[in-house]
Amino acid sequence: MSLPARVLIVDSSRESREILKTLLKRQGTATLEAANARRATELTEQERPDLIVYDEDCGHTPAADHTPVDAAARDLGLAAARSAIPIVVLGTTKRRISPIPTGQMVAKPYHYGLLIHRIEELLGNVRSQPRLSE
Amino acid sequence: MASLFVIRGRDQGKRFQLEEPVHTVGRTQKSSVRLHDTEVSRAHAQLIRRGESYVLRDLGSSNGSFVNGQPARERELVSGDQLQFGRSLVLYTGFLEEPLENIDDKVNIVARTDNSDGSRIVASVSPSEGSDWLLTDVSSSSSPWLARARSNLQIMYRTALAVSHTMDIDQLLARIMEMIFEWVDADRGCIMLKDAETDRLVPKVRRHRRGLRSDEKITISKTILDYVVEHNEGVLTSDARDDERWDPAQSIVKLGVREAICVPMQGRYHVVGVIYIDTSITPQRMLTSDGKADQFTEEHLRLMIAIAHQAALAVEDTSYYKAMVQAERLAAVGQTIASLSHHIKNILQGVRGGSYLIELGLGDYDNGNSNGDNSRPDQSNTDQSNADQSNAGEANADESDDSEAQDGQSEADPTEQPGARADKAVETIRKGWGIVERNQERISSLVMDMLTFSKEREPEPVSSDWNDLATEVVELLQVRAKESGVELLLELDRAVPAFLFDPEAMHRAILNIVGNAIDACEECEAGRVTVRSHYSADEDVVRLVIEDNGPGIAPDDLDVIFNVFVSRKGGRGTGLGLPVSRKILEEHGGQILVESQPGKGSQFTLELPINMQPGDDPQPPVGGQTLTPP
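The listed protein sequences correspond, in order, to chains A and B. Here the first sequence is numbered in this note's numbering, starting from 1 and rising by one per residue. Here the second sequence is numbered in this note's numbering, starting from 1 and rising by one per residue.
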């Protein structure tokens, strides 16, 4: 039997993390949490989660200047790519301006049932393939 | 940095920063300057950086590229150029020019004249005298040539004055027409401006010679207007029949125009309109005068062109300014809507999350009860209405899950006691409900902030207790603080007197600031927010100091935190809380002071002067000062 999957939730809102954590827990998925991209990058490198869910509101000021070129988020995207960890980006509508263009884009407002389904699907893919780094 | 600013078209108000060596203008996503304009080609033009400027190169677009109204294949751009692609008009702003050369050391100002420079002052004229000279009656001049030259100079001077003193186009044109009539002996005159949308000439100002019937329509030959606009040339027609250029339409002849001057109003970019004056010489007038009085000369024509040019520049400035204001306004509206929808979207997301938890909890509850009903008849929750559900054989959706969950057990673990399972379901529902309620609170808070921000309202001061208000807000936020793992402390200065303020408005302000402090500490190890009231008798000022040990505010951000729609709270901030709070304090004659040390925390001080009024003395009112009930 494989180890339970671990999902890293990156969201500046404690409440949003709480919701996702509760939902994932119901599926028997363990979670890690980070409130910002910088911390998330550290956790990604230390803990190697199976999947990252990143809320785009984490780094930049919304609508202040439409240039969410967030270095921390970019680093997180790169760290995830290095370890071949899939990343789901919440809130993005445009891949072109996202700091994490490699992510799976989920536009807000999303339905939680569908989001969980998507996460499970991705986890299924991950679990069936051995990690590249191993 | 160089930029393009869209001043007309669907993207009006959008600004594109030019920083790459090559930018593509087009209507597809690939273009770095993307215009939502069906008349723009997919790859319409390129902007190529060449040194300190950009060069526009048309990429064979079907509708062409235009710079200041002229078709352009390849053209180096200068600041202020207007580029047209399809229906979109874009303003180019170049790089900042090199700082001006310091010429201080190249011009010597010496205290006294030395021998080599024998200059002396021979005459002096003050600026006002100089201008007066232009305005004095020309007939007093010595020579007729000078008199005429002065007369011409005078009208140019007055035109310049007229165009520099007004932003209202109609008023400006009326003044120019008036001046023309003072200067030249015309019967009728008219200024027409090109309509921006239809490109047709629309009359703006008309004028008649005094004594002439003013209700008479001015009929202007289209032939002349077309010629002037098309060729961008001023014309003087003295006898139309002799001039073959007018032959095809013959309209001048029919109208009986003898002399007319029609000049284009050529601005910096386009012909914005025309000025037309005419005079008809009837046989009677020929007899009464020497036949010369009404004649227009080429000098008149030249001067008219100069006047029209000045007027055109002013018209362009004004309409350009209006377009800019309009574009900026649209951009601001767009940003406002973007900010608000972003925030509302996040609230909606919270509501969805909460509702989903409730839905799951209800499902668990049903399943838990139906399972439990069969296996454990002695469960405590027998009073549930659906306890008699009999679908016991149906597997719980979660039963297939192993109990291997590392981070706590799955909510509907089949090995659990059914009672405990129902409890868990209720717990899930409660959690969901809490989230829904919090987001409901957020919506109402957003609406209140928006109202406070948009309304010009006078505070409604009533004698209130500052400490009570602080206590009320702190108690209200205690739950939120606890959820965020933040300690919320209150220290009251009992010396604070009751005084006049609007408690409802002030409640909002304090709520916003204390709420911010709690949010700031949310991710801290041992977050702590202290709310302290304080009364300074010397200054007669009441304060509320809100101190947190959060991450603090970056020095750069300190300048902008009070700006609308600036938030450093990610998805949770509306960017309204601080501006609204400041507005409330300022309406009370107070202010908000901020001190912050990055990494250590921030301190917000709400400061309110006590403008004590008779009868609002902090001491209990004595004798007759109490209000007698009716």
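Don't take each hint at face value.
Unchecked claim - Simulated crosslink set (DSSO-like; lysine-lysine; CA at most 27 Å straight-line):
id: 1; chain 1: A; residue 1: LYS25; chain 2: B; residue 2: LYS217
id: 2; chain 1: A; residue 1: LYS21; chain 2: B; residue 2: LYS431
id: 3; chain 1: B; residue 1: LYS204; chain 2: B; residue 2: LYS222
id: 4; chain 1: B; residue 1: LYS194; chain 2: B; residue 2: LYS204
id: 5; chain 1: B; residue 1: LYS194; chain 2: B; residue 2: LYS217
id: 6; chain 1: A; residue 1: LYS25; chain 2: B; residue 2: LYS424
id: 7; chain 1: B; residue 1: LYS345; chain 2: A; residue 2: LYS21
id: 8; chain 1: B; residue 1: LYS424; chain 2: A; residue 2: LYS21
For the record, the hints were derived by calculation from the structure and aren't laboratory data.
Cross-check of the supplied hints:
Under the criterion of a C-alpha separation no larger than 27 Å, the hint pairing A/LYS25 with B/LYS217 is inconsistent with the structure, at around 85 Å. A threshold of 27 Å between alpha carbons decides the hint, and for A/LYS21 with B/LYS431 the separation of about 12 Å falls inside it, so the pair holds. About 16 Å separates the Cα atoms of B/LYS204 and B/LYS222, which keeps this hinted pair within 27 Å; it holds. Between the alpha carbons of B/LYS194 and B/LYS204 the distance comes to roughly 10 Å, so the proposed pair stays at or under 27 Å and holds.
Among the hinted pairs, B/LYS194 with B/LYS217 is consistent with the structure: their alpha-carbon atoms are about 20 Å apart, no more than 27 Å. Between the alpha carbons of A/LYS25 and B/LYS424 the distance comes to roughly 13 Å, so the proposed pair stays at or under 27 Å and holds. With a C-alpha separation of about 20 Å, the suggested pair B/LYS345 and A/LYS21 falls inside the 27 Å cut-off, and the hint holds. A hinted pair counts as satisfied when its Cα atoms are at most 27 Å apart, and B/LYS424 with A/LYS21 qualifies at roughly 15 Å.
In terms of the numbered hints stated before, the structure departs from hint 1 and from no other.
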